[in-house]
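Colleague: Residues per chain are reported as follows:
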Amino acid sequence: MSFDALVPSAIDGLMLGFVYGLAAMGLTLIFGVMRVINLSHGPVIALGMYVVYVLFTGVGVNPYIGLIAALVIGLAFGIAVYLVAVDRVIDQPELTTLLATFSVNLMIIGIATAVFTTTPRAVDISLGSVGTGNVTILGTHVVAVVVAMVVAATLYAFLFRSRIGKSIRAVANNRAAAELMGIDSRRMLALSFGIGTALAMLSGGLLATLFAFTPLSGGTYEVKSFVIVVLGGLGNPSGALIGGIVLGLLEGVSTVVIPVSWVPVFEYAIFILILLVRPSGLFGSRT
Amino acid sequence: MIRYRIPFLPVVAVIIAAVAALPIVIGSPSLREELFLVFMLVTLASSINIIMGYTGYVSFGHIVFFGLGGYFAFYLMQVQGWHFLFALIASAFPASLIALLIGIPILRLRGAYFALATVGINEAMRTAINNFEPFGGAVGMFFNFSIYLQYGGAKSAAVLAYYTMVLIAIATIGTSYAIKRSKFGLSLMAIREDQDVAMVVGIDPARAKVTAYVISSFFPALAGATFFFKNGIIEPGHAFDLIRSIESLVMVVLGGIGTVAGPIVGAAVYEWLRSFLITSSALANFQLFLAGLLLLVVVLFVKSGLVGWLRNRFPMLRSYIP
Chain A
1 MSFDALVPSA
11 IDGLMLGFVY
21 GLAAMGLTLI
31 FGVMRVINLS
41 HGPVIALGMY
51 VVYVLFTGVG
61 VNPYIGLIAA
71 LVIGLAFGIA
81 VYLVAVDRVI
91 DQPELTTLLA
101 TFSVNLMIIG
111 IATAVFTTTP
121 RAVDISLGSV
131 GTGNVTILGT
141 HVVAVVVAMV
151 VAATLYAFLF
161 RSRIGKSIRA
171 VANNRAAAEL
181 MGIDSRRMLA
191 LSFGIGTALA
201 MLSGGLLATL
211 FAFTPLSGGT
221 YEVKSFVIVV
231 LGGLGNPSGA
241 LIGGIVLGLL
251 EGVSTVVIPV
261 SWVPVFEYAI
271 FILILLVRPS
281 GLFGSRT
Chain B
1001 MIRYRIPFLP
1011 VVAVIIAAVA
1021 ALPIVIGSPS
1031 LREELFLVFM
1041 LVTLASSINI
1051 IMGYTGYVSF
1061 GHIVFFGLGG
1071 YFAFYLMQVQ
1081 GWHFLFALIA
1091 SAFPASLIAL
1101 LIGIPILRLR
1111 GAYFALATVG
1121 INEAMRTAIN
1131 NFEPFGGAVG
1141 MFFNFSIYLQ
1151 YGGAKSAAVL
1161 AYYTMVLIAI
1171 ATIGTSYAIK
1181 RSKFGLSLMA
1191 IREDQDVAMV
1201 VGIDPARAKV
1211 TAYVISSFFP
1221 ALAGATFFFK
1231 NGIIEPGHAF
1241 DLIRSIESLV
1251 MVVLGGIGTV
1261 AGPIVGAAVY
1271 EWLRSFLITS
1281 SALANFQLFL
1291 AGLLLLVVVL
1301 FVKSGLVGWL
1311 RNRFPMLRSY
1321 IP
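From first to last, the protein sequence lines are chains A and B. Under the numbering used here, the letters of the first sequence match residues 1 to 287, in that order. Under the numbering used here, the letters of the second sequence match residues 1001 to 1322, in that order.
A couple of the hints might just be wrong.
[Claimed, not checked] The calculated lysine to aspartate or glutamate pairs, modelled on EDC-like cross-linking and capped at a C-alpha distance of 16 Å, are: (1) Lys1230(B) to Glu1034(B); (2) Lys1303(B) to Asp124(A); (3) Lys1303(B) to Asp91(A).
In case anyone wonders, no lab produced these hints; they're calculated from the structure.
Could you put the whole structure together from the sequences, leaning on the hints where they help?
Modeller: See below:
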């Protein structure tokens, strides 16, 4: 192991961590507001990749403008998924909502593989790179970090400063009390599901500018999101961003220290351990 | 008026035996292969129903025991040269021991946290075996073809595997039925309804849950050992396939969660539907989409599944279909 390899690898991991965190924020927001583990998270990330891809190769839209499209489509799609698949079963035990969102997962993967096949695709974009010595930072990575930070800050401001954001938090805290205060909880739930889906699609769009992908690629990021969400505490968006950075950093550093194929073993071991020892997450309050 | 009770278990055993004999009687290997898969899915779905349907704990990564049983048996046959039947029995006990060790800590978690932990355990096991050289690492293990010679060739090995799978399925259904009718089953269902109340009336929830978990791990391990014996190849992605795990949950819900007959019906219908969709040229591309749509319709509108719906619609059936 050499220090020379450690630094660039850690920086790479750290930057990737921001994108992971963004995806996990979508998952954790939905869980925090309505106690639903969204199993359609992975395919939605993949959809985001394809929105950017289709706009880029088909119409020639710049991938970063395509991200805005991914955000808007994600919001609308998420609201639609909520109204069709989740709304009827929102008050039922976990199994029902897990299976309802899993059925959406199957449908998205089914259609995406039929339309796009499983041939790997890539969005071919290069923004050059800056570097000193053995540390080289790709432009696409820098933009991904900036986008992730801006979106996270916007979400934070929205949830804590705007009236609708406050209503969403009220619904998350206590749905019955929020309704007594005149908040239309159903609308807030649908909106949160939409925002969570939009975040997932946005992160998918960003990942498309970094790596090649297929309709099944979302699965990897979905499992990563689970790990991150547990790291940061289920239902805690800012915890998810930090959890994402921690996971990215951990991946970057551990690939230098241990063989690459052991990294996921390590990740899942941490995941199970945290669930058992601190289910409220690394940054959550002790329960 | 005298009421004649038709005993459930013998009737089911006779039906299964009749169905199982069908491919042998008409001499159709392809039907045998198809039914082999159906009996395997019946085993997986019925086992998962014990922990999920009776006890109310959604084990998302239950396929981990299928994979472990497969790997243990494969190792004993390939490397140690054991006979299949000995390897089969020897593989299920370490798998259940692992279930015991895993179950004690993770069954303290409730609801979504438990479901996530089981996913984590399956993925951790898959990635760990990926690196475990005695089990062939990422490449996995495969039989030398001569290994089938002691069973009289690959063809009779497949027949042996088929009969074994039929017996495993019957044993699983029998166990599932026995649990449902026992005091132990009642305590599981009490935990499902309200764990705190169950504790107050004198049930030890931790002990009951772990027992149910260990039992529900035993049969998937047997099924895995048999499946990979017939398959001749085992590798981590195939042994610990999360999709198959979730599919077995779908079968339970489709058939009727918490009933003995539900997982049998669910597994048969699901597999029939899938093979129908795959072979139809017009629908093959949309196979997954239609499976998802069907699941959504069941989850939203027929919550109690096919068997549950029948039981609710015709209450007189309740004493016949547990």
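Colleague: Are any of the numbered hints broken by this structure? If so, which, sorted upward?
Modeller: 2
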